[in-house]
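Assemble the complex: chain A is given as a structure, and chain B must be docked to it using the hints.
Chains as they are written, first to last, in this note's numbering: chain A, 1 to 141; chain B, 142 to 619.
Source of the hints: derived by calculation from the structure; they are not laboratory data.
Take these hints with a grain of salt, some might be off.
Here are the in silico distance ranges between beta carbons for each label pair [said to hold, decoys possible]:
no., chain 1, residue 1, chain 2, residue 2, range
1, A, 83, B, 604, 24 to 34 Å
2, A, 94, B, 604, 49 to 59 Å
3, A, 138, B, 527, 45 to 55 Å
4, B, 336, A, 94, 29 to 39 Å
5, B, 199, A, 101, 24 to 34 Å
6, A, 91, B, 542, 50 to 60 Å
7, B, 555, A, 106, 50 to 60 Å
8, B, 178, A, 135, 26 to 36 Å
9, B, 411, A, 70, 45 to 55 Å
10, B, 267, A, 92, 20 to 30 Å
11, B, 569, A, 78, 53 to 63 Å
Straight-line C-alpha distance at most 20 Å; calculated EDC-like pairs for lysine to aspartate or glutamate [claimed, not checked]:
no., chain 1, residue 1, chain 2, residue 2
12, A, 131, B, 242
13, B, 497, B, 433
14, B, 497, B, 370
15, B, 497, B, 290
16, A, 139, B, 242
17, A, 67, B, 237
18, B, 412, B, 543
19, B, 328, B, 211
20, B, 412, B, 545
Where a beta carbon is used, it is the ideal one built from N, C-alpha and C, also for glycine.
Read off the chains here:
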Amino acid sequence: MTDFASVPESPEFWGTALYIVGVFGLCALMLVLSWLLGGRSAARARNEPFESGVVSGSPEKLRLSAKFYLVAVFFVIFDVEALFLYAWAVSLREAGWMGFIEAFIFISILGASLVYLVRVGALDWSPQARKARRQREEKQT
Amino acid sequence: MTAQQLTALLPFFVISATIVAVMLAISVRRHHRLTAFLSVVGLNLTLLSLLPTWLAGTGPVQVTPLMVVDGLASFYMALVLVATLGVMTLCHAYFEGYRSDREEIYLLILLGALGGLTLACANHAATLLIGLELLSLPMVAGVAYATSDRRAVEGGAKYLVLSAGASATLLFGLALIYAATGALDLKALAAILVNANLGQPLVLAGAAMVLAGLAFKLSIVPFHQWTPDVYEAAPAPVTAYLATVVKAGVLAAALRLFHAAGAPPSPLVVKALTILALASMIVGSLLALRQDNLKRLLAYSSIAHFGFLLIVLVAPGSRSLETAGVYMATYLITSLGVFGVIALVSSPAGERDREKLSEYQGLFWQRPYVVSIFTAMMLSLAGIPLTAGFIGKFAAIAVGVESDLWLLVSGIVLGSAIGIYYYLRVISALFVPMPGYERVSESMSWAQSAGGVMLLLSMLLMLAMGVYPEPLFLLARP
Numbered sequence: 001m002t003d004f005a006s007v008p009e010s011p012e013f014w015g016t017a018l019y020i021v022g023v024f025g026l027c028a029l030m031l032v033l034s035w036l037l038g039g040r041s042a043a044r045a046r047n048e049p050f051e052s053g054v055v056s057g058s059p060e061k062l063r064l065s066a067k068f069y070l071v072a073v074f075f076v077i078f079d080v081e082a083l084f085l086y087a088w089a090v091s092l093r094e095a096g097w098m099g100f101i102e103a104f105i106f107i108s109i110l111g112a113s114l115v116y117l118v119r120v121g122a123l124d125w126s127p128q129a130r131k132a133r134r135q136r137e138e139k140q141t
Numbered sequence: 142m143t144a145q146q147l148t149a150l151l152p153f154f155v156i157s158a159t160i161v162a163v164m165l166a167i168s169v170r171r172h173h174r175l176t177a178f179l180s181v182v183g184l185n186l187t188l189l190s191l192l193p194t195w196l197a198g199t200g201p202v203q204v205t206p207l208m209v210v211d212g213l214a215s216f217y218m219a220l221v222l223v224a225t226l227g228v229m230t231l232c233h234a235y236f237e238g239y240r241s242d243r244e245e246i247y248l249l250i251l252l253g254a255l256g257g258l259t260l261a262c263a264n265h266a267a268t269l270l271i272g273l274e275l276l277s278l279p280m281v282a283g284v285a286y287a288t289s290d291r292r293a294v295e296g297g298a299k300y301l302v303l304s305a306g307a308s309a310t311l312l313f314g315l316a317l318i319y320a321a322t323g324a325l326d327l328k329a330l331a332a333i334l335v336n337a338n339l340g341q342p343l344v345l346a347g348a349a350m351v352l353a354g355l356a357f358k359l360s361i362v363p364f365h366q367w368t369p370d371v372y373e374a375a376p377a378p379v380t381a382y383l384a385t386v387v388k389a390g391v392l393a394a395a396l397r398l399f400h401a402a403g404a405p406p407s408p409l410v411v412k413a414l415t416i417l418a419l420a421s422m423i424v425g426s427l428l429a430l431r432q433d434n435l436k437r438l439l440a441y442s443s444i445a446h447f448g449f450l451l452i453v454l455v456a457p458g459s460r461s462l463e464t465a466g467v468y469m470a471t472y473l474i475t476s477l478g479v480f481g482v483i484a485l486v487s488s489p490a491g492e493r494d495r496e497k498l499s500e501y502q503g504l505f506w507q508r509p510y511v512v513s514i515f516t517a518m519m520l521s522l523a524g525i526p527l528t529a530g531f532i533g534k535f536a537a538i539a540v541g542v543e544s545d546l547w548l549l550v551s552g553i554v555l556g557s558a559i560g561i562y563y564y565l566r567v568i569s570a571l572f573v574p575m576p577g578y579e580r581v582s583e584s585m586s587w588a589q590s591a592g593g594v595m596l597l598l599s600m601l602l603m604l605a606m607g608v609y610p611e612p613l614f615l616l617a618r619p
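Pulled out of the complex, with its shape left as it was, chain A reads as follows (with noise of 0.2 Å):
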């Protein structure tokens, strides 16, 4: 266990202290600095966002896809799949061929959930693409 009485007379923590400080302190007076220097003017629209002269739109009305969330769910599992990858790349000769093997195994499961996904039609999100297969899906029944 670290023992707590020592830390403050390592080096490093003085470093790190003073770095912590010295963030704070530059955000402090960047902020400072400009309230106490900068003019102040009011009007309708100064406190709109300005975005390259286009008035920005109102996203709380703007409706999302609810495909486009499963898009990028189905997204985020496979790059966190794709991470454990990593893991297995940086001890590919240590792990040998019994992690080349069980590598092996998680890719195929891997490829075999995405043809999955492709059959079940999860990842068609234009509406045409879904009318075409349910079309098809009552042909075949």
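Frame of chain A, contents of chain B only:
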């Protein structure tokens, strides 16, 4: 890895291969019967793959620090697999008339079974957590399977949030214990529970959180609030799954956590367990009294039952391991029967399952065979002699008497006494003749379906356990 270790892991390989095969089969062609057939074949193969290790009798096989395959693990793996098979046959009968996609439920149930197997073999905090998540996350989707039903989705969301909270509590508890002692191995954790004292605040806080997390999954009072709601919202086969497989898997892990040290846990932990057990017995039984909904009633009855079962965690030893096995097996077969009947008399085509007690009034005069099975199972839940439930309760009381846990024993007696009232209330409702009803058998189709055969078998097994329990005790002996 040696050949022996690979053989010990064979069930995991077989069930994982089954899961991938079922997934690919669905993606090639959606076919309800084919998917069910593949899953059942895979589960049977998994059950067979338990045999080599069990027959070899080489004692515990340690596979990496994470897992151990011993007698306890084999017994609970077998329980999980048999219960999953039962639920599969129910699913097949229940979802046949379901209009939307019905194949994925098998995938979810298989994934849950894999989690159950992992829990049964868990020998490390990491495996414990992975198993727990693998067991409960697929069931979130299972509870909300009928996505067009608002109630089911609500139940699923409830289960998701609450069970994630419970898992986080458990994880935090493990982290606290790890911070204080550096132990992650279940055997080391068990020793820590034995030696816990007031001088170790981190360990005590961690132990309390671990206990809370496990108690949530076993639905012990005061962590039981989700049980009736989720049981009610889930389709009947999924409810059966929650009541059997999930409980069996978590119980196996809890047993390992409390028994691995071979000595009773410290007085502080015993006190906490006793309070939880007594609260579950009394609150579960009392709340069940006023239920008009059969699924909710059974949820409260399961809360009371797991209160009874906690006695085996308080008094470790080979005797209480045996008792836990016997009690779990009898409870499993009985709940499978009860929820099976609910699944068979309901259909997903309707708005909701047949679950109101009033809908069961006089059902005997229309479906005499199913209701006979239902009656026998209810009597078993009540613990009437000659049924399996009696044997389980008897063994639990015997453990309590041997270890001088009189408070818990009197709790079991009181809880059972209240229990008889509400079980008999259901049974009497079944036999009340309804004016205007024709006394004809509604349909015989249940006998042809696999679900009916499964129910009949489980009733026979239940009666066999109750009349001649010797083999069951031998099997459950660690």
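Right, here's what the structure says about each hint:
1. A/83 / B/604: 24 to 34 Å: violated, 53 Å
2. A/94 / B/604: 49 to 59 Å: Because 57 Å falls inside the window, the suggested range holds.
3. A/138 / B/527: 45 to 55 Å: This hint holds: roughly 54 Å between Cβ atoms.
4. B/336 / A/94: 29 to 39 Å: holds, 37 Å
5. B/199 / A/101: 24 to 34 Å: holds, 25 Å
6. A/91 / B/542: 50 to 60 Å: Because 55 Å falls inside the window, the suggested range holds.
7. B/555 / A/106: 50 to 60 Å: holds, 52 Å
8. B/178 / A/135: 26 to 36 Å: For residue 178 of chain B and residue 135 of chain A the Cβ distance comes to about 28 Å; the hint holds.
9. B/411 / A/70: 45 to 55 Å: holds, 49 Å
10. B/267 / A/92: 20 to 30 Å: For residue 92 of chain A against residue 267 of chain B, whose Cβ atoms are near 23 Å apart, the range 20 to 30 Å holds.
11. B/569 / A/78: 53 to 63 Å: At roughly 56 Å between Cβ atoms, residue 78 of chain A and residue 569 of chain B fall inside 53 to 63 Å, so the hint holds.
12. A/131 / B/242: Roughly 17 Å between the alpha carbons, so the hint for residue 131 of chain A and residue 242 of chain B holds.
13. B/497 / B/433: The given pair, whose Cα atoms are some 6 Å apart, holds under the 20 Å limit.
14. B/497 / B/370: Satisfied, since the Cα-Cα distance of roughly 14 Å is no more than 20 Å.
15. B/497 / B/290: Distance ~18 Å between residue 497 of chain B and residue 290 of chain B Cα, so the pair holds.
16. A/139 / B/242: holds, 16 Å
17. A/67 / B/237: violated, 29 Å
18. B/412 / B/543: holds, 18 Å
19. B/328 / B/211: holds, 14 Å
20. B/412 / B/545: holds, 14 Å
Figure legend: structure checked against the earlier numbered hints; hints not met, in rising order: 1 and 17.
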